[in-house]
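Q: So the protein lines, in turn, are chains D and G. Note that the first sequence covers residues -12 to 299 in the numbering used here. Note that the second sequence covers residues 279 to 503 in the numbering used here.
Keep in mind the hints are simulated off the structure, nothing from the lab. It is possible that part of the hints are untrue.
[Said to hold, decoys possible] Which residues of chain D face chain G? A partial, calculated answer using Cβ under 8 angstroms:
1. T250
2. I251
3. A259
[As the list claims (entries may be wrong)] Non-contacting residues of chain G with respect to chain D, defined by C-beta distances greater than 12 angstroms in every case (computed):
4. D302
5. P350
6. L446
7. R480
For glycine and all other residues, C-beta sits at the position ideal for the given N, C-alpha and C.
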Amino acid sequence: MSSGEYGSLRVVRAGPLALVVDNGRYGVRHLGVTQGGAADWFSFHWANWLLGNALDAAALEIVIGGGLELEAQADATLALMGADLDAQLDDRSLLPGASFEVRAGQRLVFRQPRNGLRAYLAVPGGFSVPKVLGSRSATPREQLGGQHGDGRTLMVGDSLEWHGRSSGSRGLPFEPATSLSLSGNYLALVPGAQIGHFSGASLSRAFNLPWQVDDRADRMGVRLVGPRLVCRLGSMISEGIPLGAVQVPPDGQPIVLLNDRQTIGGYPRLGALTPLAVARLSQCLPGREVRLVATAREQALQVHRRCLAALQ
Amino acid sequence: MDALMVRLFDTIDETNMGWIVAADKQLRQVFAEDLIDLVPSYTTLMVHYDALRLSHAEALQRIEQVLESLQPTDTRQGRRHEVPVWYDPSVGPELTRVAQQAGIAEEDVVKRHCSRDYYVFALGFAPGYGFMGLVHEALATPRLKTPRRRVAAGSVGIAERQTAIYPLLSPGGWNILGRTTFPLFEYALRGEPLLRPGDRVRFQPISREEFVAQGGDTTPLEAAP
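Isolated chain D, as found in the complex:
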């Protein structure tokens, strides 16, 4: 890697939610610290791949868009992946799934979701923000990470810098619209945890009827609305919660726990979504219909290995 390439983006308008992310924080959950990191890890990795970056280089997760405006302070090659947020570079439309050139002074605007919810913007070598507890990811609730180290989301006037250099931009080996985290409405779930305590009728409904993604959704969890699930287990003692856990509170409507979930919790769970299903759910807008489909642990692992192998 040659040194000395420096660039930055200045935040001209902050949209509803944009934050610096990487793979997330690991080895710290026993401290009560959440995982964090890119919710759609699949798109995040491909965004970095497009630039030839390390796959976990810090990028920007842009949720909804909503008018986020960034001004390039230097000429650079950047990459966009994930949701189509009707982005524009000055007056040119910008689609996800490719790298692109910006010149100093040009402005990038993210408007409204046309497909998916979260876009990932990668920069040469990744954003150079300080690591906190091993990660650059911002987790606002915990006041950790991000551009100031204190979990803040993007604010007007912020300067997002990089000091790296890309090893060269590449073309995506598949159609962006067919990206696995943006297409399909099946969410693969590895059964486990307290699934044996749910009534037979509830399990039949859970896996045979459609679920609607609720607007009560954030990086902690996404509520699904549909048939009421009944669990015979009364109260539970809080225990560790894995990524993608499908927990069912007493109202019978599941909440799928994502990257910024609490570390322990006490609602019964059906099991956990696979990593790819988590990425897919994180791209779903409220109102979207999804279906849960049970999968074996080994099968889930095979799919995951294939996803990672494609990035090599």
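Fit chain G to the given chain D structure using the hints.
A: Here is chain G on its own, set in the frame of chain D:
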């Protein structure tokens, strides 16, 4: 897909902690580099292992290996913390509620809250946040019906028979009795939590003057919604 739950007990008990602490230490040793995260709680330990390096069967085998020869750690020899708390209705608005439902005076709530050592059962909810217990039965008070949107850092609260300190400004539904300068968040940031499962904690009442001298923030906490 890559997490296993080690379930040691069915109920919350202070005698669990020696076993949980011992299992935590040994699981870390046998999983070593293949461990991504280990999350102990009241009765369980969640092992998040690297499924790209270790098969499910191998992971199970390592867990069995630990459980076969597990002996509890003597937590009486563990760390004990004295936590100074300024108990006052301005920063602890539920002092009154807890006193009322217990049928005792506010100062007796403070006395009882400070009358015993609490075990740290689990960390969670926020960086450095420790779930502690068990508080005197008379003080057991259900969570607020509607959680506060903002509970100040250092707030000391109880929910049912548990007690805890909020490490940082966050939403929360516990009954707040007072405030401390005990630096939970600062230590969690360094990766060395002040409170660890199995530690014991004793609260000590201090005056407003002492609290201020320790750098405490006396901004009143908003009343419950």
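Q: None of the hints should be skipped; say for each whether it holds.
A: We went through each hint and held it up to the structure:
At its closest, the beta carbon of T250 of chain D sits 4 angstroms from a beta carbon of chain G; the interface hint therefore holds under the 8 angstroms criterion. With 8 angstroms as the threshold, the beta carbon of I251 of chain D comes within range of chain G, its nearest partner Cβ sitting at about 4 angstroms, so the hint holds. Nearest Cβ of chain G to the Cβ of A259 of chain D: about 7 angstroms, under the 8 angstroms cut. The hint holds. Distance check on D302 of chain G: its Cβ comes as close as 8 angstroms (rounded) to a Cβ of chain D, failing to clear the 12 angstroms threshold; non-interface status is violated.
In this structure P350 of chain G is separated from chain D by more than 12 angstroms, as the shortest Cβ-Cβ distance comes to about 19 angstroms. Under the 12 angstroms C-beta cut-off, the non-interface status given to L446 of chain G relative to chain D is violated; the minimum distance is some 6 angstroms. The claim that R480 of chain G lies off the interface holds: its Cβ sits roughly 21 angstroms from the closest Cβ of chain D, which is beyond the 12 angstroms cut-off.
When held up to the earlier numbered hints, the structure conflicts with 4 and 6 and fits the remainder.
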